[in-house]
Amino acid sequence: MSATIADPTHADPESHAGHGHGKKGIMHYLWNTDHKVIAMQFLFTSVFYVIIGGSMAVAMRWQLAWPGHPIPILGHLLPSTVVNDDGALISAGYNMLVTMHGTILVFFVAMPILIGVFGNFLIPLKIGAGDMAFPALNELSYWFFSISGVIMMAAFFVPGGAPGTGWTAYAPLSSHAAYSGTAMGQTLWCISLFLNGLGSLTGAVNYITTVITMRAPGMTMFRMPLPVWAIFITAILLIFAIPVLSAAAALIAFDLNFGTSFYEPAGGGQPILWQHLFWFFGHPEVYILILPAMGFVSEILSVFSRKPVFGYKAMVYAMSIIGLLGFIVWGHHMYVSGMSLTLSALFSVSTMVIAVPSAIKTFNWMGTIWRGSIHYTVPMAFAVAFVSMFVIGGLSGIFMASTPVDLFVHHTYFIVAHFHYVLFGSSVFSIFAAIYFWFPKMSGRMFNNTLGWIHFWGTFFFFNLTFFPMHNLGLAGMMRRISDPTVYDCLKQVQPLNVVCTIGAMGLGFSMIPFLINMFWSMKFGPKAPANPWNSTTLEWTVDYPIQHGNFPVTPTVYHGPYEYSVPGMEKDFLPQNEKAPDHITLEAH
Amino acid sequence: MTHAMFPVIKTPSFFSRLFTRLVAGVVFLLLVVPAMAEQRVGNIYGLPPCVTVSGGQIDFIFKIIFWLTTAVFVIVQGTYIVYLIKYRARPGVKAHYSHGNNTLEIVWTTLPTIIFLALAIYSNRVWDDIHRPAPANALTIDVSSYQFGWQMRYPGISGKLSPSDVRLISPQNPFGTDTTDPRTAQDVISPDLVIPVDRPVHVLLHSRDVIHAFYVPEFRLYQDCIPGRTIGWVWFQATRTGEFQLACNQLCGTGHFNMKAPVRIVSEAEFNKWLSVRQQKNAAASATTPPASIPSGAGAPLTASETKPTL
Chain A
914 MSATIADPTH
924 ADPESHAGHG
934 HGKKGIMHYL
944 WNTDHKVIAM
954 QFLFTSVFYV
964 IIGGSMAVAM
974 RWQLAWPGHP
984 IPILGHLLPS
994 TVVNDDGALI
1004 SAGYNMLVTM
1014 HGTILVFFVA
1024 MPILIGVFGN
1034 FLIPLKIGAG
1044 DMAFPALNEL
1054 SYWFFSISGV
1064 IMMAAFFVPG
1074 GAPGTGWTAY
1084 APLSSHAAYS
1094 GTAMGQTLWC
1104 ISLFLNGLGS
1114 LTGAVNYITT
1124 VITMRAPGMT
1134 MFRMPLPVWA
1144 IFITAILLIF
1154 AIPVLSAAAA
1164 LIAFDLNFGT
1174 SFYEPAGGGQ
1184 PILWQHLFWF
1194 FGHPEVYILI
1204 LPAMGFVSEI
1214 LSVFSRKPVF
1224 GYKAMVYAMS
1234 IIGLLGFIVW
1244 GHHMYVSGMS
1254 LTLSALFSVS
1264 TMVIAVPSAI
1274 KTFNWMGTIW
1284 RGSIHYTVPM
1294 AFAVAFVSMF
1304 VIGGLSGIFM
1314 ASTPVDLFVH
1324 HTYFIVAHFH
1334 YVLFGSSVFS
1344 IFAAIYFWFP
1354 KMSGRMFNNT
1364 LGWIHFWGTF
1374 FFFNLTFFPM
1384 HNLGLAGMMR
1394 RISDPTVYDC
1404 LKQVQPLNVV
1414 CTIGAMGLGF
1424 SMIPFLINMF
1434 WSMKFGPKAP
1444 ANPWNSTTLE
1454 WTVDYPIQHG
1464 NFPVTPTVYH
1474 GPYEYSVPGM
1484 EKDFLPQNEK
1494 APDHITLEAH
Chain F
48 MTHAMFPVIK
58 TPSFFSRLFT
68 RLVAGVVFLL
78 LVVPAMAEQR
88 VGNIYGLPPC
98 VTVSGGQIDF
108 IFKIIFWLTT
118 AVFVIVQGTY
128 IVYLIKYRAR
138 PGVKAHYSHG
148 NNTLEIVWTT
158 LPTIIFLALA
168 IYSNRVWDDI
178 HRPAPANALT
188 IDVSSYQFGW
198 QMRYPGISGK
208 LSPSDVRLIS
218 PQNPFGTDTT
228 DPRTAQDVIS
238 PDLVIPVDRP
248 VHVLLHSRDV
258 IHAFYVPEFR
268 LYQDCIPGRT
278 IGWVWFQATR
288 TGEFQLACNQ
298 LCGTGHFNMK
308 APVRIVSEAE
318 FNKWLSVRQQ
328 KNAAASATTP
338 PASIPSGAGA
348 PLTASETKPT
358 L
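Heads up: the protein sequence lines correspond to chains A and F, in order. When we follow the numbering used here, the leftmost residue of the first sequence carries the number 914, and every step to the right adds one. When we follow the numbering used here, the leftmost residue of the second sequence carries the number 48, and every step to the right adds one.
Read the hints as simulated data drawn from the structure, not as lab findings. Among the clues, some could well be false.
DEER-style ranges, computed between Cβ atoms [to be verified]:
| no. | chain 1 | residue 1 | chain 2 | residue 2 | range |
| --- | --- | --- | --- | --- | --- |
| 1 | A | P985 | F | G302 | 25 to 31 Å |
| 2 | F | T117 | A | T1399 | 29 to 35 Å |
| 3 | F | V121 | A | V1071 | 47 to 53 Å |
Rough simulated footprint, nothing fancy, chain F against chain A, three-plus residues with beta-carbon under 8 Å [claimed, not checked]:
| no. | segment |
| --- | --- |
| 4 | 999 to 1007 |
| 5 | 1086 to 1096 |
| 6 | 1261 to 1272 |
| 7 | 1308 to 1316 |
| 8 | 1430 to 1439 |
| 9 | 1453 to 1464 |
For every residue, glycine included, the Cβ atom is placed at its ideal position computed from N, Cα and C.
Produce the entire structure from the sequences given, and follow the hints as far as they go.
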């Protein structure tokens, strides 16, 4: 494809024959190269893992509030490597849940939904393309992901059980069979992440190529909607970060199975090598999980405030700088790991600096709603809550960024509170916002509002009830990843807070029920949605449901930036990207 | 909003009510619930007592950051909530058309940059100060971690730890000492960490198997113990006596949750008394340890510590 902007629609209908379009029955869903179907494959698979990973969290919370007490219902569903005969968690099982909860939520829920679902669904529709650049590779990406999930879950049922080394799998606990007793589970973990990484890489290649080569006429880079920018930058991060994890995980598998000593000091290896490799991936990963979320929220705030995004270019630059700086802050996970103290000091400077673009984005979100005309819908409520939770998560991060304070709060519940405010309060809230916002376009139907509001208030309240007290627990000295806080004298007095967190976690679990009912019921029986229910300006709202294969009957032409709301002098308060502004109106440069 | 297309718009008053409830809920959550809990237990939101000199420095920065972030939290969330209520959709009011403001962008980029850099510089000064070399009068203790427990080695009558090498660490020789060296027998081994008050204590952190972490919340101190290495830059000075617990704070296997050791801070006199009693107990036990010597050609001299790691 030589032209920067290629014809997005496949003019020749015959070329669709191999795309799985028109296939009947189960094959339609098993091998289909339409980006919209692939998005749905990712969504349904991830929802399954939300339930699995979330249940694990509730089981852990139960153990922390009432150590050694059998877990009602859940205790009987967990495998025998995790619970005893009464259905109470054993300490090895607790470690397995710690590991798998983190791994599943990061690699099988947050990443696939943010990138697999919305990257796939939104990129072609928002830039006016007919599909992804490499449709078959796109479906392959889903299957890598899908198979990696099966391998990961299989780890629970092999001798020794699932790995109990944390999602960070620090060597040599993870790389030496005698130390963990879960060599086989850990090997499956490595293989699964390797395959999962291949899925991310094939997806990322596709997104980058599609964004660069398949934009509709007039869709310049600076006219792209922010979710597209966000996923584009994320895809670049994936290309550089994922191979490092894959290689590092392969080395663990070698150490475990082939007698190498990459991480084993007795054989000349270095345990800290793993941490450097893991966090070189792991820190960009944090931004991989938040950038798309920021993109969705920027757009949703703009739509429901009926105002252009405040500082569109500042948003793009801020995301780019976050992406760049994201590669030189990994050492802030390692201030107290035995790494050079001078390096710790350097990493703390880059870490403080990376807070700046996040602050810029927060101020711009507030600028977006400022003097707006805010319409409170369920997606808007989640987007609004996102900003608020992101502020809390961002501010608590400053404590850890300061090297001396990290000496105190490192690996306590303070950090658990911090990253759940960022990953749940921000990423997952944004995922909910995005699912509600694009639900009419994905399913052709409207969701049920009442259930949506119950879901929102339940999630918002119980999320804070679960995670806010964890700041206090951390400052009281509660270590993360311990299965029984009551063995420590200094933690006995804060045990009531653990009970509060657990009640919150159970409430949070129940809050998911109206969401799931709403999605599955409304998808089939909800009222039919109009093409553009939110009066939005971007291209995906110009096509009717069901969106045909190839997306746009006629290639759209784009005339201006993505967020032209409430343009003075116009009767309607939104100007779609494919509509020219009336002659008497001049649009403000963004 | 001229096109009333939103199928889900509620009246503003409904939202005002919701926000009132939200604010009430948050206040209840943050103030009333902990207050109720506090009637039953002691210190629920304060920090645990701080018993080291460096811990005091850390608490000071902690307080600066706490009040700074609290101020930002109140200002940002307060403004946000005001906007959310004030700019809700009202009939006949159209949103203001604006794509942004470059002056504002520059202001809110520069201001946080200055604050964050100042914080980083100040933090690193304290960081360097905490990690300056241990004073000459420091008591050196070898701390050895293993799945799932702790063992301490104290200098005997000579006042100096006998030489050791991490390459010698094995189940038979947990501290990697040279058992052919007569000085080794003078070392005092203890399962508890007993330290004198008001005297610098320099700990050499070791691990025999996986990574563990030396963590005492009251010391405001966390440091990983790495197998195959000696972490030698950790020292602290206790400011008062008391009994605490040393915890492993790095997931290290099935027994991790319970990998702890008692910490006792005592007066210098009490410490010396404890050490001599301990030494007598040890004398009998040490005779049974099989000898181990430094491998020939191992090159490097027996150094007790690595005060600065390589990059």
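Let me make sure I understand: some of the numbered hints might not hold for this structure. Which ones are they, in numerical order? 8 and 9
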